[in-house]
Amino acid sequence: MGAPRVLPRLDAENRFFWTGGADGKLRLMRCQECATFIHPPRPVCRKCLSEKVAPAEVAGTGTVDTFTINYQEWRPGLDVPYVIARVAIDGAPGVYLTTNIVGCPVEAVQIGDAVQVKFERQGEIYLPLFEKID
Amino acid sequence: MPANEAYITGVGQSEVGVKLTRLPLLLTLDAVREALSEAGLTIGQIDGVSTYPGRMAMMPGFSPVGADELIDALGIRATWHAGAMETSSQLGAVVAAAMAVRIGQARHVICFRTVYEAAALARPTEYPPLRRETVDGYSQWFAPFNAISAANWTAQYAMRHVKRFGLTREQLAQIALTDRANAVLNPRALVRKPLTMDEYLSARMISTPLCLYDCDRFTDASTVLIVSAGGAIGEVSCTPIRIAAMAGTVERHSWDQAEWMACYPTGTDLWKRTDYKPTDVDTAQLYDGFSFQALAWLEALGFCGVGEGGQFIEGGKRIALNGELPLNTFGGQIGAGRLHGFGFAHEAVVQLRGRGGARQIPGDPRVAVCASGGGPLATALLLARD
Ligand SMILES: [Zn+2]
Chain A
1 MGAPRVLPRL DAENRFFWTG GADGKLRLMR CQECATFIHP PRPVCRKCLS
51 EKVAPAEVAG TGTVDTFTIN YQEWRPGLDV PYVIARVAID GAPGVYLTTN
101 IVGCPVEAVQ IGDAVQVKFE RQGEIYLPLF EKID
Chain B
1 MPANEAYITG VGQSEVGVKL TRLPLLLTLD AVREALSEAG LTIGQIDGVS
51 TYPGRMAMMP GFSPVGADEL IDALGIRATW HAGAMETSSQ LGAVVAAAMA
101 VRIGQARHVI CFRTVYEAAA LARPTEYPPL RRETVDGYSQ WFAPFNAISA
151 ANWTAQYAMR HVKRFGLTRE QLAQIALTDR ANAVLNPRAL VRKPLTMDEY
201 LSARMISTPL CLYDCDRFTD ASTVLIVSAG GAIGEVSCTP IRIAAMAGTV
251 ERHSWDQAEW MACYPTGTDL WKRTDYKPTD VDTAQLYDGF SFQALAWLEA
301 LGFCGVGEGG QFIEGGKRIA LNGELPLNTF GGQIGAGRLH GFGFAHEAVV
351 QLRGRGGARQ IPGDPRVAVC ASGGGPLATA LLLARD
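Taken in order, these protein sequences are the chains called A and B. Start counting the first sequence at 1; every next residue gets the next number (my numbering). Start counting the second sequence at 1; every next residue gets the next number (my numbering).
Since the hints were derived computationally from the structure, they do not count as laboratory data. It is possible that part of the hints are untrue.
[Stated by the list, open to error] Once the Cα atoms are required to be at most 30 Å apart in a straight line, the calculated DSSO-like pairs of lysine-lysine come out as:
(1) A:52 - A:25
(2) B:272 - A:47
(3) A:25 - A:132
(4) A:118 - B:163
(5) A:118 - A:25
(6) A:132 - B:272
(7) A:132 - A:118
[Stated by the list, open to error] Residues from chain B that keep clear of chain A, each with C-beta distances beyond 10 Å, as calculated:
(8) 147
(9) 163
(10) 169
(11) 170
(12) 193
(13) 198
(14) 206
(15) 236
(16) 245
(17) 256
(18) 278
(19) 311
(20) 361
(21) 366
Beta carbons: idealized from backbone N, C-alpha and C, even for Gly.
Please take these sequences and the hints and turn them into a complete structure.
So, in structure tokens, the structure goes:
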């Protein structure tokens, strides 16, 4: 994309998520007591209120739950069109990531498509984008 | 009038336009004056102020006037006031006011929403836009992926309806077509030109399946609703409209972690708090910052089943001014302007009082539902003329 992406500001709660892609792994916060995944990451489990939570690796695959093809140039220089999707993350029931589906024509994306993470490095940040699995 | 009830009494609205030069505080004053005049109240009788989202210094056009500022500027002696974004949505300010008058914290509360986004965009030196290097909070989960606008977030819910329930563009178009047809009859509407199906179908896409005409646009205006206590209704000269039920339910306050938008549980809860049924409703005024949100509200409020919204509005007759459920009779936000939630409650009151002029719905409407918000934001009010 032409215009640079707006990047997240790293803090104690989100750093593992945004930098975890350095070794190619997608990580989500997970409760050590009841195994619930917690996203966005927070220092407490929304199911059992345990504070024993820690980042956990997931497979990095998922399914397109829904998507949209964006045509509007919201900022000068933004390359359009592009696909925004909500991906249901395999192995982490209830967790969705809003992301971009890359590496295929925008018309090729459908609900139900199997996808896998493909990190885009921006300095120390690794954005979890996704591409279709053939 | 039962003292423990809350009523909407005076309603008012400023000029509605784009790139207005009248100051936002004065637009607010215009709407206040009109509402006071209708209610037969003076500013000295106002003892409460409620707004959404409160003054936002970071986004000057989005909310240029706060409750604090209005109290000070108009010399109001407020025994209760509030202005906050962390509530169920725009009409959450009315819910708060209704609760305040019901428990005796105030007697007559000015609720207002003032927007100045078109003027601010046009005059960046006066209203400098926020420039951000990085994002935090909920924005971090969307902005890095250029999922920048609520259009993108709403579009994803709409796309699910397209794929799962077969929602067609021709069906969704009926929200915009109905809005624009009604706006022609509203002297204050922003866009007073009807929209044809051909124009809709050939419009450029913003974020599929939403096209240009599915989206509202920046507007400068102020809308005021006065919420009065049952015990103070004797001071009011207009027909009071009772707030018969209120709801604003959210489980996950998120645009992407929630399976459904918050309107669905909100709609269900609204009917648990009243003996009225959806079949009692004479007109619906439902948030349509993006057309799909109004369709979702129709489903959420039980006018049709989940997934049946497209069929419900197909052809447009049912939701037309003379249909069985007239929708957004003032033009909604797509036709009347982005009044940001308050326009729907304003119009519900106008219709229940029979003061809609050329756009007045037929018969003797007694019950109206109005709603604001999309995604994790949702407020529904059931209004009745007793
Ligand atoms: Zn737990």
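Now for the hints, and whether the structure bears them out:
1. A:52 - A:25: holds, 21 Å
2. B:272 - A:47: Judged against 30 Å, a Cα distance of about 26 Å means the pair holds.
3. A:25 - A:132: holds, 17 Å
4. A:118 - B:163: holds, 26 Å
5. A:118 - A:25: OK: residue 118 of chain A and residue 25 of chain A at ~10 Å, within 30 Å.
6. A:132 - B:272: violated, 44 Å
7. A:132 - A:118: Given that 30 Å is the threshold and the Cα spacing comes to 10 Å, the pair holds.
8. 147: The claim breaks: residue 147 of chain B does not keep its Cβ more than 10 Å from every Cβ of chain A (closest is about 5 Å).
9. 163: violated, 5 Å
10. 169: holds, 14 Å
11. 170: With a cut-off of 10 Å, residue 170 of chain B remains clear of chain A, as the shortest Cβ separation is near 19 Å.
12. 193: holds, 22 Å
13. 198: holds, 20 Å
14. 206: Violated, since 5 Å does not exceed 10 Å.
15. 236: holds, 46 Å
16. 245: Answer for residue 245 of chain B: holds, closest chain A Cβ roughly 29 Å.
17. 256: The assertion about residue 256 of chain B is violated, with a minimum of 5 Å to chain A.
18. 278: holds, 27 Å
19. 311: holds, 20 Å
20. 361: Residue 361 of chain B is indeed farther than 10 Å from all Cβ atoms of chain A, at 35 Å.
21. 366: Non-interface label on residue 366 of chain B holds, nearest chain A Cβ at 39 Å vs cutoff 10 Å.
Taken one by one, the earlier hints fail for this structure at numbers 6, 8, 9, 14 and 17, listed in ascending order.
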